[in-house]
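Peer 1: For the record, in the sequence shown the residue sitting at position 346 is 346 according to the UniProt record's numbering, with numbers rising by one throughout.
For the record, the hints were derived by calculation from the structure and aren't laboratory data.
Computed from a predicted structure; not experimentally measured.
Possibly wrong hints are sitting among the right ones.
Stated by the list, open to error - For lysine-lysine, the following DSSO-like pairs were computed, each having C-alpha atoms within a straight-line distance of at most 27 angstroms:
#: 1; residue 1: K505; residue 2: K572
#: 2; residue 1: K422; residue 2: K736
#: 3; residue 1: K505; residue 2: K221
#: 4; residue 1: K519; residue 2: K505
#: 5; residue 1: K767; residue 2: K689
#: 6; residue 1: K532; residue 2: K555
#: 7; residue 1: K317; residue 2: K343
#: 8; residue 1: K763; residue 2: K774
#: 9; residue 1: K191; residue 2: K221
#: 10; residue 1: K48; residue 2: K757
#: 11; residue 1: K480; residue 2: K440
#: 12; residue 1: K440; residue 2: K505
#: 13; residue 1: K537; residue 2: K485
#: 14; residue 1: K689; residue 2: K669
#: 15; residue 1: K736; residue 2: K763
#: 16; residue 1: K343; residue 2: K399
#: 17; residue 1: K689; residue 2: K555
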Amino acid sequence: MTKRKAKILIVDDAQINRIILCELLRNQYQILEAEDGKKALEIMKEDKMIDLVLLDIVMPNMDGYQVLEKMKEQRYLEYLPVIIISSEGNTTSMEKAYELGATDYIRRPFESYIINRRIKNTLMLYEKQKKLVHLVEQQIQKRVNNNTTLINVLGHIVEFRNGESGLHIQHIQTITKMLLLQLGKKSHEYKLSDADILLISTASSLHDIGKISIDEKILNKPGRLTKDEFEIVKQHSSIGAEMLKTVPNYNNNDLLKYAYQICRWHHERYDGHGYPDGLVGDQIPISAQVVSIADVYDALTSERCYKKAYSHEQAMKMIIDGQCGVFNPLLLECLYDISEEMKASLFENENYADQAVVSKMTDELVIKQFRSEMPKEKNNESQNRKFFQEMTFEYDAFKDAVYISSQAAKDLGIDEIIYHPKNHEFSFFNKSTIKLLKDKLKETTHLNPEVNLKIYAQIGKQKQWYHLQASTRWNGSVYKGFVGKLVKDNNIQVIHNIQENISLKYTYTEIKNFIESLKDIFTVVRLIDFQKHQSAKAENDQIEIIEGNCYDYWKRKDVCVNCISKQAYIKKGQAFKLEFVDYDIYAIIAQYVEVDERPWVLELVYKTKEDIILGAHGKTRFLENIVTYNKEYYTDVLTGAYSRRYYEEYVQYINDVSAVAMIDADNFKAINDQYGHNAGDQAIKAVSKAIQSCIRPDDIFIRYGGDEFILIFQDIHYDAFTTRLYQISECVKRTKVDDYEDLSLSITIGGIYGNSKVNDAIKKADKLMYEGKKSKRSVVVKKTSEVD
């Protein structure tokens, strides 16, 4: 098959300049021309196969800078490189171009061989980037068993406390992929499929997970480790491996198995002089051998608290000469082969996984831990005397009656006994809350009777967060009812307030009162002056400095490598961190505040419950929590489908899918109006369940919003796609809604077939769906070539 010529768009208002470039390049590339910026953007919108843009700066109507801004805004720069070619050669012009996203800058006049070489290099680098992006897209498609982002969250946490650059995980993944791909070209000895390469490179993120259990003072020691300290650090490989092995479903999860190999054996050496088991040669799994080289290379080329960074050339020489231990000769050949490509990828074209998403998820995980584990306020005795702090109730299923505590009934102005509560109008609970409680109670058994909910209800004069706890009662396997209580949950409100107030100004009296209110919730509340490494308290009508350094609390002898208070101060907002001390885990919120115009950081520390410190060295449960959190982060709560967040952060950027369907539930507003929002929720759940029963595990199903869903098919034939959509439509029509037997369901589907970007396909599918609504057809399917 003839290789496709790369397509280059030349954008210049001067015809003579376009002619010169065309003559230089037309034999090697396909050429498109635009005489101004607006025309260029129109061409980019129409032609998705452009590989490179050559852009002039000075043009009428829309100059080169404005074109770059528009390309960035419309996300073209994420995959389309731009080389500026201009007679504007001053430093300011060049800096501005690079800041706006230009890949390279060539001054006129230029030599033909220079522009040819620069174009060739740029296309080569972006081609390799596209291959890596394609692998990432495959990874998203195999999303159930391959949760890269969540693994990166865990790697991010380990990296953070280990004082590393923040790019270590990405570097390891990139080098691992490159080495494995080159190994596959060079030898078939290890029989690695594309799926294996993807799993190994993903699992490489967990190579140092065991460092969670190593004392941070040792990890970040600036000088040489003592023999005893080194022995402690060496334990991280076996500790991490055991943590992974105890994760549920380990035996059925290839990703975790690779992660185990990497974690345990990435410090082994080919001659048997590594640790922990002294394996020799190919006794060491190839996954661990590859990550071992990647880890050593990045350690050499990165600055650490105990050393300066070596250059790429120095690091390569040290590894190949055996100064860092003996490695597999075949892998050393592969490393040599990819040397220049690796250098370019790591140092010149750093385009890594979305760290904003990883950091955001890490922060949310900290907040989630606060919300779910904080103790109730200490003054429970006084709270229990008041209904507005706690209400107790009991439901007797045989009598169909609710018994409410006398004080609560008095304050609410209702009877202590309410018969047939289903027919009663509870002003303080809306119907959706009651339905949610009923659904949760239905899920209980005599072996698992507990229900815990966070609800937002109006009891009294204002709406407030409450914690609803209930326990079902059973006679053997026969349901008898439940007992429960409703507790005012000030903890959620406090966290909500802290999150909402990005920058706070206080007088001394206000900060003192605020700190006092927080002491009932957090383990430690203190003010931090990170520049002087001091902590302070608000007492005796002034802010008093506490003796010692702020880092003494963390049992350190020196300043924290990644000071959370410093981050909050720089951001003039919030920062979050998980801190590990011995076998305890602490969640920390650092909030920038100003007290009488003097800047401080308010540090809120919460020690997690002891019952989560279980398993291998106290961290297995934490690992489980992170894995579980992925489902919550990207799952729609009502339907179990993927959420709009998953679409916006990942799916919309997939560049090549076979088919897309836009699905809309018919008459949804009428259902809500006639039957109520509970019925609407149940209808949406029923529609979702019906759709999911008709699709394959690898198809991506997303609740786009309200009553709209998106279905994405990675690989499907046209006839099968059409048949599948009609099956879905019929399945929904046959579906009944619990408690609403007379409610009829139907959907309208717009389907677009043909390889295209997800975003483009969705727009076309949406048009077809509305076409179906107008013509009263349940399914409208067309190929991309048939739609404008």
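Peer 1: Does each hint hold? Answer for all of them.
Peer 2: Evaluation of the provided hints:
At most 27 angstroms may separate the alpha-carbon atoms for a hinted pair to count; K505 and K572 meet this at roughly 11 angstroms. For the hint pairing K422 with K736, the CA-to-CA distance comes to about 22 angstroms; that is within 27 angstroms, so the pair holds. About 37 angstroms separates the Cα atoms of K505 and K221, which puts this hinted pair outside 27 angstroms; it is violated. The straight-line distance between the Cα atoms of K519 and K505 is roughly 19 angstroms, inside the 27 angstroms bound, and the hint therefore holds.
Only pairs whose Cα atoms come within 27 angstroms are accepted, and K767 paired with K689 is accepted, the gap being roughly 25 angstroms. With a C-alpha separation of about 18 angstroms, the suggested pair K532 and K555 falls inside the 27 angstroms cut-off, and the hint holds. For the suggested pair K317 and K343, the alpha carbons sit about 14 angstroms apart, so the restraint of at most 27 angstroms is met. Taking the CA atoms of K763 and K774, the gap is about 17 angstroms. The hint holds against a cut of 27 angstroms.
Using a Cα cut-off of 27 angstroms, the hinted pair K191 and K221 is violated, with the two alpha carbons roughly 41 angstroms apart. For the hint pairing K48 with K757, the CA-to-CA distance comes to about 9 angstroms; that is within 27 angstroms, so the pair holds. Restraint check: the Cα-Cα separation between K480 and K440 comes to about 16 angstroms, which is no more than 27 angstroms; the hinted pair holds. For the proposed pair K440 and K505, the alpha carbon gap of about 42 angstroms is over 27 angstroms, so the pair is violated.
Only pairs whose Cα atoms come within 27 angstroms are accepted, and K537 paired with K485 is rejected, the gap being roughly 36 angstroms. Using a Cα cut-off of 27 angstroms, the hinted pair K689 and K669 holds, with the two alpha carbons roughly 20 angstroms apart. Proximity of K736 to K763 is assessed by CA-CA distance (about 31 angstroms); at most 27 angstroms being required, the pair is judged violated. This hinted pair does not check out: K343 and K399 have alpha carbons roughly 75 angstroms apart, beyond 27 angstroms.
This hinted pair does not check out: K689 and K555 have alpha carbons roughly 52 angstroms apart, beyond 27 angstroms.
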